[in-house]
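K.L.:
Going down the list, the protein sequences come from chains A and B. Start counting the first sequence at 124; every next residue gets the next number (the numbering used here). Start counting the second sequence at 449; every next residue gets the next number (the numbering used here).
If you are wondering where the hints come from, they were derived from the structure by calculation, not from laboratory data. Every residue, glycine too, gets a C-beta built ideally from N, C-alpha and C. Incorrect hints may have been included.
Quick partial rundown of chain B residues pointing at chain A, CB under 10 Å, derived from the structure [what the hints assert, rightly or not]: (1) 499; (2) 520; (3) 632; (4) 666; (5) 667; (6) 670; (7) 671; (8) 672; (9) 682; (10) 685; (11) 737; (12) 756; (13) 759; (14) 762; (15) 763; (16) 918.
In silico contact screen, one side only, chain A against chain B (beta carbon under 8 Å); selected entries [to be verified]: (17) 184; (18) 185; (19) 311; (20) 313; (21) 315; (22) 371; (23) 372.
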Amino acid sequence: MTTAAAPSPTTDELLDRVDAALDQLGQLVAAEGRDDLEARVDGARARLDRPTTVVCVVGEFKQGKSSLVNALVEADVCPVDDDLATSAITLVRHGDAGRAVVRRRVDGDAIAENIDLADVQRFVSEAGNPSNEQRVDRVDVLVPARLLSEGMAIADTPGTGGIRAGHGAATLAFLPFADGLIFVSDATSELTQPELDFLAEARSRCPNVMLALTKIDMAAHWRRVADLDRAHLVRMGLDIPLVAVSSLLHRAGAEGGIDALVAALRERIVIPARTGSAQRIAGEVESLVASLVGSLAQRRAVLDDSASIDELEARVNEAVQRIEHLRGPGARWSITLGDRMGDLSNDASFAFRGDLRELTRTHEESIEALKTSEQWEQQAEQLQRDLAGVVTRLFEVIETGRANIRAELVEQLAAEDASLGGADGLRLRELDVGSLWRGKPLDTARAAGKAVSTGLTGLRGAQSGIMMFGMAGQFLPAATATLLVSNPVLLAAGAVFGGYQLVEDRKRKVAMRRQTARTQLRQFVDDVQFQVSNDLGTLVRSIQREFRDEFGALLVELQRSWAESLQQAKQGLTRGTEERAGEIARLDTLSGELRSVHHTVAQCVGQLAEQVPA
Amino acid sequence: MSIDAAYHQLLDVCARIESTLPGTPHATRAAAISARLSGPLRVAIAGRLKAGKSTLLNALVGERLAATDAGECTQIVTVYGRGDVYDTRGFGRDGAPLPVGLRRVGEGDDGSWEIDLKGANSSSFDRIEIDWPASVLQQLTLVDTPGLGSLNEAISRRSLDFLLAASDRESDTSGADAVIYLMRHLHALDAEFLGAFLDRRVVGASPVNSVAVLARPDEIAACRDDAMVSADRIARRMEADPVVSALVGSVIPVAGLLAETAATLREREVAALREMAHCSDDELAVLLRSVDDLCDVSRTSLTVETRRELLDRFGLFGLRLAIRAIRSDPSMTSSDLARWLLAHSGLARLRNVITTTFLPRARTLKSHTAVIELDALARAFETLHPVLAADVRRQLERLQVEGVDLAALTVAHLVASGTVALPPAHRAEAERLLLAPEGPMAMVGGVVGEPELLEAIERWRTLGADPRGGPLAVQVCDTIARVYELALAEAG
Ligand SMILES: Nc1nc2c(ncn2[C@@H]2O[C@H](COP(=O)(O)OP(=O)(O)OP(=O)(O)O)[C@@H](O)[C@H]2O)c(=O)[nH]1
Ligand SMILES: Nc1nc2c(ncn2[C@@H]2O[C@H](COP(=O)(O)OP(=O)(O)OP(=O)(O)O)[C@@H](O)[C@H]2O)c(=O)[nH]1
Ligand SMILES: [Mg+2]
Ligand SMILES: [Mg+2]
Chain A
124 MTTAAAPSPT TDELLDRVDA ALDQLGQLVA AEGRDDLEAR VDGARARLDR
174 PTTVVCVVGE FKQGKSSLVN ALVEADVCPV DDDLATSAIT LVRHGDAGRA
224 VVRRRVDGDA IAENIDLADV QRFVSEAGNP SNEQRVDRVD VLVPARLLSE
274 GMAIADTPGT GGIRAGHGAA TLAFLPFADG LIFVSDATSE LTQPELDFLA
324 EARSRCPNVM LALTKIDMAA HWRRVADLDR AHLVRMGLDI PLVAVSSLLH
374 RAGAEGGIDA LVAALRERIV IPARTGSAQR IAGEVESLVA SLVGSLAQRR
424 AVLDDSASID ELEARVNEAV QRIEHLRGPG ARWSITLGDR MGDLSNDASF
474 AFRGDLRELT RTHEESIEAL KTSEQWEQQA EQLQRDLAGV VTRLFEVIET
524 GRANIRAELV EQLAAEDASL GGADGLRLRE LDVGSLWRGK PLDTARAAGK
574 AVSTGLTGLR GAQSGIMMFG MAGQFLPAAT ATLLVSNPVL LAAGAVFGGY
624 QLVEDRKRKV AMRRQTARTQ LRQFVDDVQF QVSNDLGTLV RSIQREFRDE
674 FGALLVELQR SWAESLQQAK QGLTRGTEER AGEIARLDTL SGELRSVHHT
724 VAQCVGQLAE QVPA
Chain B
449 MSIDAAYHQL LDVCARIEST LPGTPHATRA AAISARLSGP LRVAIAGRLK
499 AGKSTLLNAL VGERLAATDA GECTQIVTVY GRGDVYDTRG FGRDGAPLPV
549 GLRRVGEGDD GSWEIDLKGA NSSSFDRIEI DWPASVLQQL TLVDTPGLGS
599 LNEAISRRSL DFLLAASDRE SDTSGADAVI YLMRHLHALD AEFLGAFLDR
649 RVVGASPVNS VAVLARPDEI AACRDDAMVS ADRIARRMEA DPVVSALVGS
699 VIPVAGLLAE TAATLREREV AALREMAHCS DDELAVLLRS VDDLCDVSRT
749 SLTVETRREL LDRFGLFGLR LAIRAIRSDP SMTSSDLARW LLAHSGLARL
799 RNVITTTFLP RARTLKSHTA VIELDALARA FETLHPVLAA DVRRQLERLQ
849 VEGVDLAALT VAHLVASGTV ALPPAHRAEA ERLLLAPEGP MAMVGGVVGE
899 PELLEAIERW RTLGADPRGG PLAVQVCDTI ARVYELALAE AG
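The shape of chain A in the complex, shown without the other chains (with noise of 0.2 Å):
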């Protein structure tokens, strides 16, 4: 207990000096003419000013979940109707210029295409693209908003009719990878049973998951609905907080709710990630300021002694002639990943088939134990939930892999770092080089603390997770109908008026539409399995190209980090000893500021660290 402590400071004010802390570090390091190093700085910047994070909209269909999301963003991006609406997921971030690139399939091959904002609605709507038959797995629309501009991507989601099936049970794989669920139902009427198990699952798997009671500005008992669905809540055992907005009245510039939305979300959601962020760039900094504080001292012992230049030049020499090794692809890191890339590629899908052959050989048997056609409906909604959780488990496989295979590589490298300069050299271990956009390290420090009983947190906002659930979203939808057509026990209610010599035709029937059932079954599995491994081969290819252009640029990075060190301190010895005397002085007061920018950042974090509730 302290007395008589001043006001300790806000998570935005700490964050706000962290920025100011990295704004200067960017300063120093750019007059010093490190370019590439300027933008390591101003990259880490934007991860603390726009941390990625991805929040999805859900709900049954015609709840107002396309108008919450234009008025969360101040624009009129998702086509709303009175009607049918929402038919692809639509993921909105921020752009300064309005556009968005369309992602689909064209004969099972993935493509992506510019297009303008006014054709958005040709691609997610549904009466531009009725039951998805572009086969978009999403748009992207980059507009500039506030909420945006704080990184968060907000994705609009088709509603559902059978919450759980479809794109519902898309969004349920997706939660693990996903910051917060905004989770829609209208003020008309109370939640219904299905909302709330959504509701329960939904919570399950996502700490940050919110109720917005829309359309307030017309339903008249909107008060007497909100405290039932927060005594059904309550009830559930349920944390959610519930919201009343009305996005109508947002839009036309009244009170509409919306603002507490917003803050709700920057508390709950932007501001932990950027704390988040705050602490992996703490690291990131102490290696920049220790590395260039030691190239410093270097050029300063030259200074001081033109004896040792020599020395120093050997070294330099051996270093870059070492890191210009390691950037060849006879490296031994550079081998390494492509020997485990390999494996994890292999393992995945030999992983996934198992997974989707027990998968088919469970549903096959419960088809043959069908008694009523409400089994059928369950077992259709439990196949797309067990299918969702099987392509979920890829994708965690391969999340999981890749941040093993680049911690062994960091471990590889650092042990090749440890020879060349010892504690000076850039240490790549505590490099945060991740984005959403650029495959994200597993991020424990968000998760840290949560009480989430899935296990799967860690792969928050990985860029993997959204590729699934524009996949997961495509054609999980699509199977509903046709599973649903093909009931096996459904027989139509003609039947009943047939008279009793129909009992023999009944049973010929059923055991027919049992095999129709299963071939359905198998040809879906079939597809799921097609589309998939595509995707699957693509993904493990593009993870491995990051992992190269990390690297490889941080190599480039380091060997310039050398050379400049030997050249500047070629550059003093050619000075006056005035002169040399002036920069033994400037270099002294550069290495005070640095270190004083890294203890700013390394205080304001530990601040951070303890207003973490935990």
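Using the hints, position chain B with the ligands against chain A.
P.N.:
What follows is chain B with the ligands alone, placed relative to chain A:
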């Protein structure tokens, strides 16, 4: 055999069971079936929770008899029938009477009605029957059912019990002859769900005897002024969906709340509306912008309570509509306004479907229900009196074969629901014939000449002989051929 003959035979079957098994529950059940046969057509109002079923029932009856609420409300199947004075009867799960009362809430002509369960738990009731002297109930018995998809499964179960086939039910509650199915929205996928739902549960629900209502249409289109136009477009889209058209004859948007309020409009409410209509354009724009603005303490001379009541009774859309009407024609009387609101509610179209498609075939529909119920009853006393059971069954089978109207109805279900798929030309012909409200005989009678009839008989016989069709298709073709044969016999 004409439908009237079949109808009388069914009454005879009931009487025989009653006299052969006196004093047994079977006799009571037979008496109930008989009473239903001679009573009005029984129409159930079904749908998901909070679809507005009770509100629509009130609108049809013209009195706020059924309780309505924003929270889950109807918990007991309630049968509203004709009576010179009002009367209420409760029945327990075992069929034994349970005391219930009906009491008025609110003063004067101001109120609605509330059922008094006399302290009993709602779960102990099988159903409640209410007699009420309303003219619609002369022709129709209306049944309010608890919402499907309730959080409390037992409550939805009661509706299903009621709507299920007699053969699948344990209690002797009678099912319905026709269904008004309320839905609030329909996605392509939901059509599948609905299809599966109606198909297996409401026996005999097909375009012949069921109609869908697009409920709470004002809310679907965000309470905009053009809401009903938009709802109409959606209803037409649903109607065109093959899954929906296999289940219901039409989809009609009906703003139940508006219709209920129009049917029970009070002077006091009209006065309050007039006062509100006096506000300036700007004031009104703010006042009617949202429900919170409307109930804001600082607005208009009306009390907050009055404004809240108006909102409950009209909804935001209804209020905007009513105010607009009064402002455009200040000389409007209360009954003018009521008529105007009613016209906007879409209720007339629903009434029209009832009178043009349900009522003309009432006797056929009722007989049809009775056949199913008697069949189940015969199975119930099979061990007690096997001879009677076999006899009743035989008679029922014969009725279904010989009673051409009855047979045609069965076949109409099969064709209209798509259970039996016919070649397109045949299907169109079959539907024209079978779905004619006056019955198939009226449709063929006198319209075509002898050669055409002979040709038609031949055509349907040939189609029926095709072994690929299966027994149901044979039944369809035979029945239609027989309709033509009878027409030929009558012509000759
Ligand atoms: N009055 C009012 N209407 C709203 C509000 N939000 C949405 N709506 C209306 O509700 C309807 C559906 O809105 P959408 O945003 O398309 O709903 P959705 O959930 O995205 O629909 P699907 O994608 O088809 O499932 C439209 O008629 C909107 O105008 C609101 O806040 N107030
Ligand atoms: N805006 C609007 N509200 C309606 C309409 N019909 C019913 N409501 C409101 O919807 C709510 C539910 O109406 P009910 O008639 O009780 O619905 P229900 O289907 O009988 O409900 P349960 O018996 O609980 O399943 C009430 O608050 C009604 O005022 C309508 O056409 N428009
Ligand atoms: Mg939408
Ligand atoms: Mg009700």
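K.L.:
State for each hint whether it applies.
P.N.:
These are the hints, each one checked on the structure:
no. : hint : in the structure
1   : 499  : holds, 9 Å
2   : 520  : holds, 7 Å
3   : 632  : holds, 8 Å
4   : 666  : holds, 9 Å
5   : 667  : holds, 5 Å
6   : 670  : holds, 6 Å
7   : 671  : holds, 4 Å
8   : 672  : holds, 8 Å
9   : 682  : holds, 5 Å
10  : 685  : holds, 6 Å
11  : 737  : holds, 7 Å
12  : 756  : holds, 9 Å
13  : 759  : holds, 5 Å
14  : 762  : holds, 9 Å
15  : 763  : holds, 6 Å
16  : 918  : holds, 6 Å
17  : 184  : holds, 5 Å
18  : 185  : holds, 5 Å
19  : 311  : holds, 5 Å
20  : 313  : holds, 7 Å
21  : 315  : holds, 6 Å
22  : 371  : holds, 7 Å
23  : 372  : holds, 6 Å
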